[in-house]
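Chemist: Sequence:
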Amino acid sequence: MQWWKGTLLALGVAALFSLGIILGHFAIPKKAEPTGPTSLSQDLDQELLDNVMSQLDASRIRENLRELSLKPHLATSSRDDYLVELFLERWQNPEWGLDAARKGVYEVLLSFPSQEQPNSVQVVSPQGQILFNARQSEENLTGEQGDPDVVPPYAAYAPPGSPQGPLVYANRGSEEDYAHLESRGINLNGTIALTRYGGVGRGAKAVNGAKHGVAGLLVYTDPGDINDGLSFPNETFPNSWALPPSGVERGSYYEHFGDPLTPYFPATPSGFRLETAEIQGFPPIPTQPIGFEDAQTLLCNLNGDLAPNAWQGALGCDYRLGPGFLDNGTFPQDSQVNVTVYNRLELRNSSNVLGIIRGAVEPDRYILYGNHRDSWVHGAVDPSSGSAVLLEISRVLGTLVKKGKWRPRRTIVFASWGAEEFGLIGSTEFTEEFFTKLQERAVAYINVDIAVFANATLRAQGTPPVQSVIFSAAKEVRAPGTSSLTVYDNWLQHSNRSSPVHGLIPSLGSLGSGSDYAAFVHFLGISSMDIAYTYDQSKTSARIYPTYHTAFDTFQYVETFLDPGFTSHQAVARTAANVLLRLSDSLLLPFRVSDYNETLWSFLQAAQEGLEPTLTQNNISLGPLVTAVKRFEQAAATLDHLAETLKENPSDPLKVRMVNDQLMLLERAFLNSRAFPEEYYYSHVLWGPRTSTVSTFPGLANACLEAMNSPSDLTTWAAVRKQLSIAVMAVEGAAASLESVASF
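Numbering (the numbering used here), first residue to last: 1 to 744.
Just so you know, these hints were derived from the structure itself, not from any lab.
You can take every hint at face value.
Straight-line distance between alpha carbons at most 16 Å, and here's what the computed EDC-like set of lysine to aspartate or glutamate pairs gives:
| no. | residue 1 | residue 2 |
| --- | --- | --- |
| 1 | Lys211 | Glu175 |
| 2 | Lys405 | Asp50 |
| 3 | Lys630 | Glu739 |
Owing to the predicted nature of the structure, the values given are computational and were not obtained by experimental measurement.
Sequences and hints are given; from them, build the entire structure.
Modeler: Here is the structure:
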């Protein structure tokens with residue numbers, strides 16, 4: 001080989017070798033730059049917590065609320081679709097820093113009034129002449145009520161029809177109320193019942209009435225229940241926060257939650273669907289809500305016996321029972337009321353929007369934070385106050401991720417739920433679609449639906465283990481106003497209870513089915529909570545904020561009467577964000593399982609005082625339940641002690657994970673799908689629906705009530721034994737889940 005050929009060959013080999021190094025350098029994926037601490041011992045950073053709370057901006061929350069409530073956004077409407085894209089755009093925006101955002105679409109069954117044929121309520125003379133027409137829309141007091149997208153007042157899922165009959169007043173429409181009318185000699189068959197909101201659920205008013213032969217239902221909001229008696233236009237909105245006379249509360253009258261066609265299945269293309277005729281839980285009779293000015297015209301002209309004192313309200317007249325009208329009143333005595341409803345069922349596509357920040361250490365553990373997006377009209381309070389807070393918290397946390405200053409230990413999932421107002425549909429479909437994943441991986445669900453009812457004090461609800469984390473967060477947030485109190489101290493002044501363990505503490509409410517936490521706690525057994533600011537109950541008897549579900553729930557209403565400086569919104573944002581970070585970042589989950597002891601002992605004591613004498617007569621002993629509660633108390637104390645010990649020396653990551661799993665899965669241990677066989681989704685043995693007045697395990701209380709009402713029916717006492725076994729098994733199972741995993 002010639003020398004120059006050898007030189008060229010050597011140069012070629014060297015060049016190829018260098019090219020290979022260069023290609024390899026760019027071809028091998030780079031390890032992602034860490035954003036914040038990612039060691040296994042990563043724990044809650046108090047400095048970061050303070051930084052987050054300081055960045056949550058009241059003015060940004062105000063602007064969020066203005067945008068969200070600018071137009072009516074009924075579920076699946078064009079404005080609701082616009083807000084879906086708004087959430088997606090913000091959470092997908094690189095400047096916001098979230099890792100991912102997507103929407104989930106479900107085809108669900110909703111109910112709407114007819115645009116061509118408005119629902120009507122009329123008084124008709126014996127000769128067929130129309131003597132009175134109730135309003136078909138609310139008075140346009142501030143301009144927003146005249147928006148063409150305002151849906152007329154209606155009872156969602158009430159069937160179409162046009163019943164006509166004598167009017168009777170049935171108070172709140174409970175089973176006892178209708179029974180009282182019959183006990184007074186009133187034949188309810190074919191009547192139209194006028195009822196007021198409160199007492200029992202919307203749908204129950206119709207179901208109870210139909211059992212007694214009622215043909216049609218009217219529902220109104222009494223100013224005595226919502227306005228502290230205020231009823232004149234100069235006393236109500238826009239002159240105060242009180243409901244105007246024409247205001248009508250819309251709402252869903254479906255008795256269950258989730259998509260009516262797909263119970264226990266997600267409303268996706270592959271999901272099993274019922275036939276419409278197979279759906280259970282729709283009101284059986286035509287129903288229409290009206291304003292209290294129209295209710296006054298009807299009720300103050302009603303004939304019959306004087307209603308009981310407890311049934312009287314604030315319409316400025318004596319409430320009578322009917323049937324029919326006064327012989328010297330506005331209408332002829334034999335005039336009847338006609339209720340004509342043209343509601344229709346429609347399949348619609350409804351969307352959830354999810355925004356995700358992945359966890360650095362435990363990405364397979366999820367902290368969920370949600371709020372629904374849809375409203376009946378403008379929905380500035382319900383739900384946009386919560387959505388405004390949700391957007392601000394996600395902005396602040398996402399920005400920290402983008403800047404590389406922080407990444408949570410566990411994954412955070414933000415959710416904007418669709419079609420909540422029709423029966424918690426979006427959140428329920430989500431839990432059905434991701435049932436297995438959520439049961440295995442979800443740590444907690446934080447719900448902030450209505451962030452601000454009013455500006456007096458915090459209101460929190462939740463399962464007992466979350467009490468400690470809410471308290472810790474509330475102690476670090478300054479209460480709105482000029483006071484130097486914390487949110488916790490202010491809450492303690494407004495609503496408190498005496499705890500045998502903790503002394504005087506704020507009252508934490510329990511979770512029913514009023515918002516999107518329902519499927520998480522009752523169906524999945526996930527530790528859940530709901531956080532809001534509310535009014536001073538010593539200064540008003542309002543059952544909820546007065547313009548609830550009406551066309552007067554507007555941005556002006558919030559800014560003028562509920563939270564002028566948006567400092568209560570900011571306080572809720574700071575409290576909820578503090579809770580969120582404690583759950584996402586704490587090395588050991590900040591749940592105190594021994595706080596369940598008080599609930600279990602109080603349930604047991606109530607059973608002993610209210611049920612045990614009758615149970616003993618039927619050879620049923622509460623002894624096994626006593627033993628189970630004692631076992632739980634011991635197991636909870638032992639696990640709490642272990643958790644405290646681990647905080648001092650968290651050197652074993654597997655042990656930390658083990659204890660966290662015990663804390664996370666406790667709520668699941670209380671689930672039993674046979675506990676409430678007649679109720680969709682209710683599986684949590686402690687928090688199911690209770691018809692009895694005895695404040696104990698609801699399944700046991702309900703079964704005892706039925707057995708005592710039918711003492712000769714032996715099958716009812718078998719049901720009591722079954723429910724007692726279910727309660728014992730749940731408590732024992734919960735105790736076992738807290739005991740040492742090594743001692744099977």
